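Everything in the sequence shown is counted per the working numbering, starting at 93 for the first residue and increasing by one.
If you're looking for bench data, these hints aren't it; they were derived computationally from the structure.
You may find that some hints are simply not true.
Claimed, not checked - Derived Cβ-Cβ restraints for the label pairs, each shown as a range:
hint	residue 1	residue 2	range
1	Asn250	Ser301	15 to 23 Å
2	Thr170	Phe110	42 to 50 Å
3	Tyr115	Thr170	20 to 28 Å
4	Ser196	Arg171	37 to 45 Å
5	Lys179	Gly291	41 to 49 Å
6	Phe255	Arg181	30 to 38 Å
7	Thr251	Gly291	23 to 31 Å
8	Val314	Ala289	14 to 22 Å
9	Thr251	Gly226	28 to 36 Å
10	Leu188	Pro151	24 to 32 Å
11	Glu282	Phe110	24 to 32 Å
12	Asp194	Gly262	39 to 47 Å
13	Phe110	Asp315	25 to 33 Å
Since we're looking at a predicted model, the values are computed, not measured.
Don't be surprised by glycine CBs; every beta carbon is placed ideally from N, CA and C.
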Amino acid sequence: MFDRVCNRYELNNLLLSFGMDAYWRWRARKELRLGPADRIIDLCCGTGAVTRCLAGAVPQGEVVGVDFSAGMLEPARTRGGPAGGGKVRYIQSDVLQVPLPDHSFDAVTICYGPRNIVDLPALWKEMRRLVKPGGQVLSLELTRPKGLLGFFHEIYLNTIVPFLGGLVSGDREAYNYLSKTISGFLAPEELARSMSASGLKKVRFIPLSGGIVTIHHAFTPVDQED
93 MFDRVCNRYE LNNLLLSFGM DAYWRWRARK ELRLGPADRI IDLCCGTGAV TRCLAGAVPQ
153 GEVVGVDFSA GMLEPARTRG GPAGGGKVRY IQSDVLQVPL PDHSFDAVTI CYGPRNIVDL
213 PALWKEMRRL VKPGGQVLSL ELTRPKGLLG FFHEIYLNTI VPFLGGLVSG DREAYNYLSK
273 TISGFLAPEE LARSMSASGL KKVRFIPLSG GIVTIHHAFT PVDQED
């Protein structure tokens with residue numbers, strides 16, 4: 093499915109978010125408070141929009157994007173990295189079994205990926221493994237607003253998203269899937285509890301744009317061994 097929509101993926105993200113996706117990426121990067129030489133791994137990187145954004149904050153560092161979809165990674169590799177940014181490279185892999193050494197990154201991110209992963213405890217465990225003790229873990233995910241905005245958001249998800257996403261990509265089924273995974277995913281409070289239960293520390297979440305997306309930010313234990 094992801095291979096089928098890769099060529100129009102970033103365009104659809106721009107249109108369906110009314111251009112807010114760039115702000116969400118920037119806000120997630122800001123939350124990390126990265127150093128110029130930090131190494132970051134970006135899981136479920138897709139076509140690399142977040143990966144490139146992160147690279148702009150680490151001019152002497154490196155960002156590794158990981159995704160299981162060869163179709164998504166093809167345009168990511170073609171686009172390269174930002175001018176003046178850190179080194180960018182991509183790996184095709186299952187994000188629950190990344191073929192990289194333990195504790196080799198300063199931060200790990202996953203954007204728009206958690207709702208597609210059935211085994212969240214395994215995800216948090218792998219993210220902990222990849223990051224140095226005391227390192228940062230960040231999730232950026234589409235969520236369900238509350239109140240009146242939530243009512244209209246549900247209508248938008250079930251009508252406009254499949255129609256416009258299908259029109260632009262030629263694959264309405266993929267955008268029906270998007271709507272269903274957002275509606276059926278954990279609330280931000282529940283996701284935070286899942287992260288805490290895995291041993292992550294100082295877990296906090298920050299709703300953006302009225303709760304349409306939510307950042308979850310945490311740290312790995314300073315004395316972690318796994």
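Hint-by-hint comparison with the structure:
Checked against the hint of 15 to 23 Å, the C-beta distance between Asn250 and Ser301 comes to roughly 19 Å, which is consistent with it. Range check, Thr170 to Phe110: Cβ separation about 26 Å, and the 42 to 50 Å hint is violated. A C-beta distance of roughly 25 Å is found between Tyr115 and Thr170, which places it inside the suggested range of 20 to 28 Å. Checked against the hint of 37 to 45 Å, the pair Ser196 and Arg171 fails, with Cβ atoms roughly 24 Å apart.
Lys179 and Gly291 have their C-beta atoms about 30 Å apart, which leaves the hinted 41 to 49 Å range violated. A C-beta distance of roughly 37 Å is found between Phe255 and Arg181, which places it inside the suggested range of 30 to 38 Å. For the hinted restraint 23 to 31 Å between Thr251 and Gly291, the CB-CB distance of approximately 41 Å leaves it violated. Between Val314 and Ala289 the Cβ separation comes to about 19 Å, which falls inside the hinted range of 14 to 22 Å.
Distance hint check: the CB atoms of Thr251 and Gly226 are about 45 Å apart, inconsistent with the given range 28 to 36 Å. About 31 Å separates the C-beta atoms of Leu188 and Pro151, a value consistent with the hinted range of 24 to 32 Å. Against the hinted window of 24 to 32 Å, the Cβ-Cβ separation of Glu282 and Phe110 comes to about 27 Å, which satisfies the hint. A C-beta distance of roughly 42 Å is found between Asp194 and Gly262, which places it inside the suggested range of 39 to 47 Å.
Phe110 and Asp315 have their C-beta atoms about 44 Å apart, which leaves the hinted 25 to 33 Å range violated.
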